[in-house]
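Visitor: Letter by letter, the chains look like this.
2 protein chains.
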Amino acid sequence: MSTTTNDTTPRHENPNAAEPLGAQADVDVLRAALDGPWRDLRERVRRELPADAITGTPGESIDVQRERVTRQVLALADMGYGSIGFPTEHGGTLDYGASCVAFEMQAFGDLSLLIKLGVQFGLFGGALARLGTERHLSAYLPDIMSGRLMGCFAMTEIGHGSNVAEVETTATYDVETDEIVIHSPTVSATKTYIGNAAKDGKAAVVFAQLVVPQVGDVPDGEEESGEHGVHALFVRIRDDEGNPMPGVTIGDNGAKGGLPGVDNGTIAFDHVRVPRENLLDKFGGIDETGAYVSEIDNVNRRFFTMLGTLVRGRVCVGGGSGSAAQKALAIAIRYGDQRRQFAAPGEEQEIVVLDYLAHQRKLLPRLAKSYALRFAQNAMTSRLQELEDAAKSAEGGTPGPDHEDAQRELESWVAGMKAQTTWHALDTIQACREACGGAGYMAVNGLTQMRADVDVFATFEGDNTVLMQLVAKGLLTEYRDSWGDLDIAGMIARVASQTVEGLVENTLKRAGLQKLIDGATPRNDETALDSRGWQESMFSERASHLLETAAMRLRKAGKDNGFEVFNNAQDHILAAAKADIDLRVFEAFQDGLEAMEDGPARDLMAKVFDLYALSSIEEDKGWFLEHGRLSVARSKAVTTRINSLCGELRPRAVMLTEAFGIPEGWLENDLIDLGQDRAGVTR
Amino acid sequence: MSTTTNDTTPRHENPNAAEPLGAQADVDVLRAALDGPWRDLRERVRRELPADAITGTPGESIDVQRERVTRQVLALADMGYGSIGFPTEHGGTLDYGASCVAFEMQAFGDLSLLIKLGVQFGLFGGALARLGTERHLSAYLPDIMSGRLMGCFAMTEIGHGSNVAEVETTATYDVETDEIVIHSPTVSATKTYIGNAAKDGKAAVVFAQLVVPQVGDVPDGEEESGEHGVHALFVRIRDDEGNPMPGVTIGDNGAKGGLPGVDNGTIAFDHVRVPRENLLDKFGGIDETGAYVSEIDNVNRRFFTMLGTLVRGRVCVGGGSGSAAQKALAIAIRYGDQRRQFAAPGEEQEIVVLDYLAHQRKLLPRLAKSYALRFAQNAMTSRLQELEDAAKSAEGGTPGPDHEDAQRELESWVAGMKAQTTWHALDTIQACREACGGAGYMAVNGLTQMRADVDVFATFEGDNTVLMQLVAKGLLTEYRDSWGDLDIAGMIARVASQTVEGLVENTLKRAGLQKLIDGATPRNDETALDSRGWQESMFSERASHLLETAAMRLRKAGKDNGFEVFNNAQDHILAAAKADIDLRVFEAFQDGLEAMEDGPARDLMAKVFDLYALSSIEEDKGWFLEHGRLSVARSKAVTTRINSLCGELRPRAVMLTEAFGIPEGWLENDLIDLGQDRAGVTR
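The listed protein sequences correspond, in order, to chains D and E.
Start counting the first sequence at 1; every next residue gets the next number (UniProt numbering).
Start counting the second sequence at 1; every next residue gets the next number (UniProt numbering).
To be clear, the hints were calculated from the coordinates, so they are not data collected in a lab.
Predicted, not measured: the structure shown is a model, and the values here were computed from it.
For identical chains, the list gives no copy identity; a pair is met inside one copy or between any two copies.
Computed cross-link-like contacts, DSS-like style, restricted to lysine-lysine with a CA-CA straight-line distance of at most 25 Å:
hint, residue 1, residue 2
1, 636, 607
2, 559, 473
3, 636, 556
4, 202, 282
5, 282, 392
6, 473, 636
From just these sequences and the hints, can you work out the full model?
Guide: Right, dumping it as structure tokens:
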């Protein structure tokens, strides 16, 4: 069937619904709450992008898909989507956060297109804009934003994906010719999985170990070797005719698990020379005397500062995967709301599958989590923008150490959200596929390509497990900073008192003295399960307990057993990181809910929040029971309440997906045309 | 790199291993244990099938893949793989169980090929052989086994996938012409997702509602309507030139989420006439007077008997997905054993990623579960063969009611195993993909295509959730049969006593009177975690408790609230079904272990078993804590022990995957050639 493009009118009038649904007005209120601070941009995208600008046809060959995606990228650039978030003085439009929101909206379309847009305008253009200086921006940004200059972000190598500080490509300054020589000394130094490399890229921002033979003063400790760590350089990789530049070898990664429209490839350099000016030298450069200069003394700190400015990539990847999950839910819930299978004994008509508890259980908690993650994504994007604004208005243009702390803190949050949201998306799209049965497996219905595309989101822009490790590292550092002045004995006492408290609580409760405890600790069993305060205490106490006990374990690490102690506690550390991100998501949902005006939409949102909070608790009920945070009776009550919430939300499930505001035309699937799916429809 | 085809020599000499590995002899012993009763056939397949007979090239177009798969099917038929499991009097070879084992082995190759083989020889050929009678077998089997007659299994319709008893296609006997008229009265009656339909199928076994206008005596209750329920018919769908037969409309399902080499399509019938003899009439037919005759009186029972004879399809799908999971583990564990990333502080060389606990945690419990499922699969296949043999040797050729009970019981087991193994495979292949990072996403490395192909295994040959429901139904029926003579009060008393026992145990334990309890119940905290008896009690008590309490809840169901009571308990019922399958898997592993001779291989196997058992317990620790089966201390001890088992098994991880015996040449991936992946290898 074909639907009118960009019709976002809710279609929640559902003949199968057990009770009347919320009004159109309620959908609008929900949508506004979910849209968050960049609502205008979201509405503009919904209104202005026709389906053919944003969607693809699954099943076409790689060549056809690549051509289509390139065409769409250029068309979107023509519509101004290439310039969002770039500095206005160089022709950029809107603000930095807006570029993340545009990405989220584009993620409702074809994900090959999304990633190609991300490579061109986010990674390639973004790295140039944030690591380069005035001369780079004025020379290249206009052509990048228009798509006339397509380029790559050449960081990952065969030998180093996660540990990019150890890439092997070298960039050696040749003082004689005032050039820098880019070289791949080994096979494993080959850049790989690089988007835009196989077909379209004319240039690349190449990350390489910068070596500057010793001239004049250089930062401490770096004099001897002349090695200044990883830096980025602008390098032409193809000439105007599309042939590789001399010394550049380009390969094609070929077929991948997904993203068929993205031309990922390999790039190797054989002593390729570029002018000194091609070094993107915002954080470290080579002056006219051939000396290395940087305001940041430490090699590692310098590199992580550079990476930190590129944090937007992870914000986008997380947000994009969140959109994909929302789209999958919109498809599967609509299907489940129409598809019938098996009649109850004595009944003529078969049952709508979303009326089955097991089906609700598959879809509705994931829907609730999608709401939660959207609020968290909005909060994170706002924070990104705040820090951006603060940096811009900082005196002398250089933000102080507080800003740097805030930046590190944001990076940690972003890392964790990227990991949690991409995993959520994979899990959700798969559940949606299965919930649609064979129809879900047909490429035309959009779910399988989406699942295949999102797969790699879990490992690119940072491997999820490594990112969660990063979150943990941030937490532990912060923890050490706060508690550093406590001696070990004090620390033990503190943690022990916590543990003893838990133990007593636990023991008494299990001993049947429930009421006694309940009187003393109103936050527990007698508090309603929908008490936000109780829910919050569950999330926050888990986070702090896991962090404190992880820190305790790591204190045992000495010089000789450092890796062993760390490694033995790795599951614990990762759990602490996850608990922290879960708490942040909870808080963001709470803020989002509180910002809503009283009314039926807010009441509905509160139920979605309950479902999110209780499902999260149930998922980890083993931990809560182990740590005396849940009594046995209450643990079972949580499950019972989730089931009843599923029943309560079920009649509003379609409406809740309409609040995502995905234009009908973009839901390129046959599932919407359910007529043929109903038994008995005459041919 | 290219490896010698069919070199299954273990390559476990690993320079990174922390301790010496088991001898080649141990790998052989493990492999023999895993190979089970059809070891000879497995060894024959390993020896005789070259890689190009069994593997494909990912990323090729659908047309190219379909052609390749068709070619491979015919070549395998030439080698005799089409005749395995068919009746020997019609040219079949080996036994019925062997056909399942051949399928499992072929699942180490390309899965499009696997499914095409399954459609042709298992579904199409199998349905004809088991639902047809002598005249059908002698007329068609030779051509089916040779691949000269390609065909379809046309059961699923647009409107009915799970509830196939309600397919809408009709097969109406026309007494005037002695023909049967096949017709699709509605759009939703169109057969869909049918393998072999889009390109190769010349015929189909079509499932349709049989209507025989009233002539003579017919079974009770069916006289009025002449409707005898779903039957299967042999129908030509294409002529020898490949054109659709008159009245047959064939469509192409086109691109799917995976299985690109399988030509799934749609078939609709417009009053297509076939001779009466085309009715596959083993369980119900039309005699020469035009009267319907069947030895089975009840319409439903008749249809479920027919479906029951087709249980092999589910055995195969489960087994095939299990093989895919094993292959994914072989790839990811080998990669993890070589790939290095991040150096410990002060170290020069980076750490092998499988040395990280988090990486072990991702892969080793899934490896252990793969072992468990293989033993269960072997046991199930043996049981299938036993019942087959029993049926054949039954007096008068008709097995008695005991056999029928055994058959129902097998079907339930098969349903549950199919669901659990396919879900395990999806989860495992995904974890393996992520564990290989970007390399895992490259199609050439085999993981993504495998993941995409296996996806549909979760919903075809029975939707997994529906299958688990079937397991539950079987359990509850059996339970009712055993306890049917108890009155409700007796039942309540029994369950209540269980509950009280749990409660007391729970309360006392949590109250710190651990030792008192432990003295009384040696099975608990003081029993070693590797006590097989304790582990078994955990699996079996969970299964019986969940079943008993589910049965209690369903007793409340009356005529008016039947669906509601059932639906509210659906999550509970599904948990009971899963617990039952988990117990069966545990028991199969136990039997498999016990059959091994004492020695290092058996000791190693016992550790793998511990890891499987404890990981399963940990996964559901919330339930065990809730039900007083785990104390808090013991729950934490389980986690600690899993971590230490991961460390103990890690040096043997590669060897444990070698025990699967996947020929090197079939592991069509670059991951094996790890040279380029190592940093510093000179170009």
